[in-house]
Amino acid sequence: MDFNDTPEEAKFRAEARAFLEATLQPKSSDSDRLIRKLTPKEYLKAAKEYQRKKAEAGFAGITWAKEQGGRGLPPIYSIIFSQEEGKFDAPAAPFAIGLGMCVPTVIAFADEPTKDRYVAKALRGEEIWCQLFSEPGAGSDVASSKTRAVKDGDDWIVNGQKVWTTGAHFCDFGILLVRTNPDVEKHKGLTMFIVDMKAPGVEVRQIHQANGGRDFNEVYFTDVRIPDKNRLGEPGQGWGVALVTLMNERLAVGGSYGPDYPEIMDFARTIGSPTGEGTLLQDKAFRQKLADWVVRAEGYKMARFRTMTALSKGQTPGPESSIGKVINANQMMDIGNSAIEALDLYGIINDGDLAPREGAFHQSYMFAPGLRIAGGTDEILKNIIAERVLGLPQDPRADKGIAFKDLPTGR
Amino acid sequence: MDFNDTPEEAKFRAEARAFLEATLQPKSSDSDRLIRKLTPKEYLKAAKEYQRKKAEAGFAGITWAKEQGGRGLPPIYSIIFSQEEGKFDAPAAPFAIGLGMCVPTVIAFADEPTKDRYVAKALRGEEIWCQLFSEPGAGSDVASSKTRAVKDGDDWIVNGQKVWTTGAHFCDFGILLVRTNPDVEKHKGLTMFIVDMKAPGVEVRQIHQANGGRDFNEVYFTDVRIPDKNRLGEPGQGWGVALVTLMNERLAVGGSYGPDYPEIMDFARTIGSPTGEGTLLQDKAFRQKLADWVVRAEGYKMARFRTMTALSKGQTPGPESSIGKVINANQMMDIGNSAIEALDLYGIINDGDLAPREGAFHQSYMFAPGLRIAGGTDEILKNIIAERVLGLPQDPRADKGIAFKDLPTGR
Amino acid sequence: MNFDFSDDQKSLKDQARKFLSEKAGPAAARRVMNGGAASYDEALWRGVAELGWLGVSIPEAHGGLGLGRLELCVLAEELGRAVAPIPFSSTLYFFAEAVMLAGSEAQQAALLPKVAGGELIGCMAISEGPGAPTPASIQAKFENGVLNGVKIPVTDGDCANHALVLAREGAGLSLVLVDLNQAGVARTPLDTLDPARGHAKLEFKNATAERLGAPGQGWDLSEAVLDRAAVLLAFEQVGGSQACMEMAVEYAKSRYAFSRPIGSFQAIKHKLADMYVAIEVARSNAYYGAWALSTDAAELPFAAAAARASGSDAYAFCSKENIQTHGGMGFTWEVDCHIYFRRAKLLALQAGAPAVWKEKLVKRLEQRNAA
Amino acid sequence: MNFDFSDDQKSLKDQARKFLSEKAGPAAARRVMNGGAASYDEALWRGVAELGWLGVSIPEAHGGLGLGRLELCVLAEELGRAVAPIPFSSTLYFFAEAVMLAGSEAQQAALLPKVAGGELIGCMAISEGPGAPTPASIQAKFENGVLNGVKIPVTDGDCANHALVLAREGAGLSLVLVDLNQAGVARTPLDTLDPARGHAKLEFKNATAERLGAPGQGWDLSEAVLDRAAVLLAFEQVGGSQACMEMAVEYAKSRYAFSRPIGSFQAIKHKLADMYVAIEVARSNAYYGAWALSTDAAELPFAAAAARASGSDAYAFCSKENIQTHGGMGFTWEVDCHIYFRRAKLLALQAGAPAVWKEKLVKRLEQRNAA
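Chains as they are written, first to last, in the numbering used here: chain A, 1 to 411; chain B, 412 to 822; chain C, 823 to 1193; chain D, 1194 to 1564.
Take the hints with a grain of salt, since some may be wrong.
Pairs of lysine-lysine residues, derived as DSBU-like cross-links and limited to a Cα-Cα distance of at most 30 Å, are as follows [said to hold, decoys possible]: (1) A:K289 <-> C:K1075; (2) A:K289 <-> D:K1446; (3) B:K811 <-> A:K400; (4) D:K1334 <-> D:K1398; (5) B:K811 <-> A:K325; (6) C:K1075 <-> C:K840.
No lab work stands behind these hints: they were computed from the structure. Quick caveat, the model's predicted, so the values are computed rather than measured.
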């Protein structure tokens, strides 16, 4: 039992490190980051530039097959690269979903000409992709999507709305889950398409979030024409295609979000305890809570090392990696809340300039409620663990054998 | 807003107090209680004697109609009596279920001759009643009882098993929920009977509990004959009868169980903190937990005063009183656990003689898991609150329109 | 046993709910959040004044209705339910309570009628920076009728025209009364987690001020005021929690997932049942606080701490899980969940953080047992 | 990255599970609980000795297999899973670890072969009464090779033939080795929450004893032993938690209520998912502890505290909710739920209560950051 790379992994890590040092700046203070210093437009340009260099150096599509321009390596290698990349100020975010989830789906389901058209350009960062699954009426139950596509000659005509789309405003293409047959069971009437985000009838609007931010979009489709050759998989097979995409989502193992126990521990040294005796860090009640956070954060970190070990041995991790978000989102909220309450009334101030240190806790406190929902609510993730890991029976299904158009919707 | 009795209530309280002082000893140390000092046989005798005196003094069946030998007063008066009775060493427990739940059901559903036969004797303490609903295969889902009753001339012949019956070994009669028609939906094939616990074929066995105690019984029925005149309600109407019994159960508002915050606070003064600095009561972590217990215990106490106020105004409290057990059972476990862990390894000792003070915490820690289940699990109580108080939809029903005999049982 | 509000008080409650459902509610809060001219809803404030609510707890002799604290509790619950964007709590729970508790006859005669008439917005200024204030931490200085120092943050400090300020006077602390509309006072508005309520930093440079109550009594006095405010804030917290639960229940009944109302899933049902239990506990403790406040009972410090601790916990839980129940929609600005979530945090901090009150609760329990 | 047990270690695990599922498990625990002749399962103990498990961590030079700590962790998990009623932890995690850590060459040569051979049952005696022991609280006294004092409770003190006792020696504390089969030692068996394991009160009256390690090093030494035991106990806790979860899952699949398996109700599903999460966290921390123990890493004190804190929490939760999942049946003596519930409490207390370890965890975090 050890934390060491295999010789091959160590060699790869060294190569990656060399490439990154030659290409990027090490991570610096928040304010110096590219994402802060550059305009969105400049940042996107830098991101595409960086992606091109990754591709040229062979660090794009690390796990993809060679014939797709990838490197054909096991997943552990892309984790090793991310570990190293994480130490630098890498403008990689805009490609995460496209190359992590969308293009792999294209590779899995598109014909050769289609792949030739899209895959290489995506890998070289020339085109960015987004994922269009969730709808206002189809969140946890994404298979009940009702955005409609109707065949018209060699085209399909799409009308409807998607929501919570990351990066829709700067993306070139998306994979789009639509309803092509409302007369069959909900899982059987869906079809997946490649959609040109610049096509007429596609309208992107930013979502104003509860925390004040605007990180996601709504995408409206009005008589948008999609050629049938952009179809991924057979008509009615869309759900199967979507499952492959979501499977890839799971492999993108989530890290920590915002301040965790080290940050609140530093903070606790500098603030008085609620009882007025000593610092917060000296407060026994805080220390017991801190221990719980440490145990969860370290436990999660070690669980990821176990996952990496499995990957390193060529196994693919299952839904058990769902535990990450359940732990982290709630811990993030709990830690943010504890820091805010330790400030007493001063904690209500939400002004990065006035209280830069506190700012991080406010941000994570206000973002955490969203994180408990995004990419699967706590409740859905616990169902996944219960059913797919522990093998418990599914919830009773109210939609068995009922055509989509006849399903109760409460409206 | 005040905590005072109305003049009538005050007058009644004084009468009750006078009767109790003349009849009982004030509550003394645990070891001096009748329940400890007397043999079970002697205790039962004392209980019957006390019940007779209550009846003679007009403090039995306080809420019952006059023609049933009751006093025809609103429920608040029986709560006032219990408050006063609680200050004395009253051997009242053996009658709680019979007079609280069973006999009121008899009164509600039996014909005059039957009532004449049973009610007065029960009220005077000459006969004790128990409730026979739960079965090994029908706990939370008591309507799926499968103890069978088959008509045979003017009798019914009963076979099956009931479980978790309090006092079955000393009871004279019970109300028994049985399946008389398995060919209809489960709620429609049940019938309620009065059963003579001394009848041939009735066998009572004590249950050995997880905490080591033996407070409940299993009752086996082998070809037990019950005359049709002992039927309560029409054949197939048993579920409606049972609901009336369970409604009365709810009115028997549950008090606190075992040591609560005052006891652990006293205890915490005498034991060191887990950090080795000062006493447990001085430990800030303990103090925060203590505050939560205080808030729940006081909140529950005040909630009961609100219920009493409603009763005092002639309203009947609804299922909201279900919150009591959810709060108390978990708090009891939490407090017991905290006391045991504060003792460190010494907490493993479970010996009343060696550690009398600790004993109470051990007892409640070991009994609490049962309390979370008895009389409705936490999960069932939360469903009741969600459905009957908040009006949320029922869980999907898998048994709609299916005959009892065809219901899936997993066996 | 009559542990409930009277019929008159209940009809005041109904009247308040009717009025506030038209004039206040999340929509009004949004108008202020989105940065209207004022940092509070002036029309709503005038309406509340016209209804006489500002005088409910103020004696008739001083231009109030002289009804009492139970009526104020009733209004507090409804204002909390309506997340009302007005300086009601600062003016009545803190400022007016302090004046009635310790103000001289002259001070009461000068200030209370203005409060009752809606001409005076008051606030209380204790905090001077991060962390729970202690007698030792207070730096603001009062001497020879002049106040110097900085208070940050001050709830409603941006719109109030009078403040009660905790400041050093000689060896001890005193509570001093300051007219904020004077040269010696500088205000800086602050961005907070609850933009529907105004907050400011107040800087005093040789500001004219007068003491309220005896010199050196400032800390005990402000603790006494906080106890009274705690009960009233607890009712706002109960009202807000109730609003969250009702909002979540309605959504859970109408929102379908997997072709069922999400309220038919136990994960949601039990979440909502937990809200109900938390609210029942908080409400019952708040009632006890109301009784103690209205009768000036010796139990007030204990009851206030219990009411505040459970009120803060209930609102934190209900506002958080109301978002969760709404799923993605709950995390959008357009849906009202976050307005309650923000207000819950303000109310939990306004008179001191939950951990502070839990410690107070235990201290008072020890004192009660010692007594 | 190779953060997992080796294939050899995994096959040892399989072998252990196979053996223990036949020879141990709740049934064996019940035999001891119901008060057999001995306070432990002697046949099982012999079987374990024959398999060489008692020598797994002991060097070959002293008659062991010299495999190491990872193998011991593997066995600990399986013994925890099987709620084995034998003095394995006292003998190996505490006694043998202490002897290997601080025993003289002579002491090791004299004691370790007997441990490996199953002739020596050891125990560790620190507690002298209610509450967490501190350097100041220890009263037992060792001088001139003689021990006096009382230790209560001592896990396996009723069946052990040797004990390591923490006692005052001059100004400091020392760890001393006592043969329990001598006139100067009186044992009184104790009733405990976990009757499947023996406990006793040990009274020493001029008992012959010898020091283990340097004089005055007793406290630090016993802390070091507790750290090692903490990791191994954490594996027992993980094994026990896993057994509870599997038991609950099986029951939830087969038990029907409302004509559905209760495992199809989200209240049960999410309860079991919470168990799974708690176990994954505990297991991962335990693995970290195993790595630190097996490599004698500087991280051991930190890793041990994290492993113990999460192991105790996980087992407490899983054993409690396993009862709840079983409903009424879960509260009967005949169903095994309570056997795990009882063992969970013993394991949470055996090397010191959870709150003690959480405080240790934070202290060590502070030290690590300071370093």
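Here is what the structure says about each hint:
This hinted pair does not check out: A:K289 and C:K1075 have alpha carbons roughly 36 Å apart, beyond 30 Å. A distance of roughly 35 Å separates the Cα atoms of A:K289 and D:K1446; the hinted pair therefore is violated under the 30 Å criterion. Restraint check for B:K811 and A:K400: satisfied, since their Cα atoms lie roughly 16 Å apart, inside the 30 Å limit. Taking the CA atoms of D:K1334 and D:K1398, the gap is near 10 Å; set against the 30 Å cutoff, the hint holds.
Taken as a hint, the B:K811 and A:K325 pair is broken in the structure, with Cα atoms around 38 Å apart against an allowance of 30 Å. Distance hint between C:K1075 and C:K840 is fulfilled; the C-alpha atoms sit about 24 Å from each other, no more than 30 Å.
Violated hints for the displayed structure, listed by number in ascending order: 1, 2 and 5.
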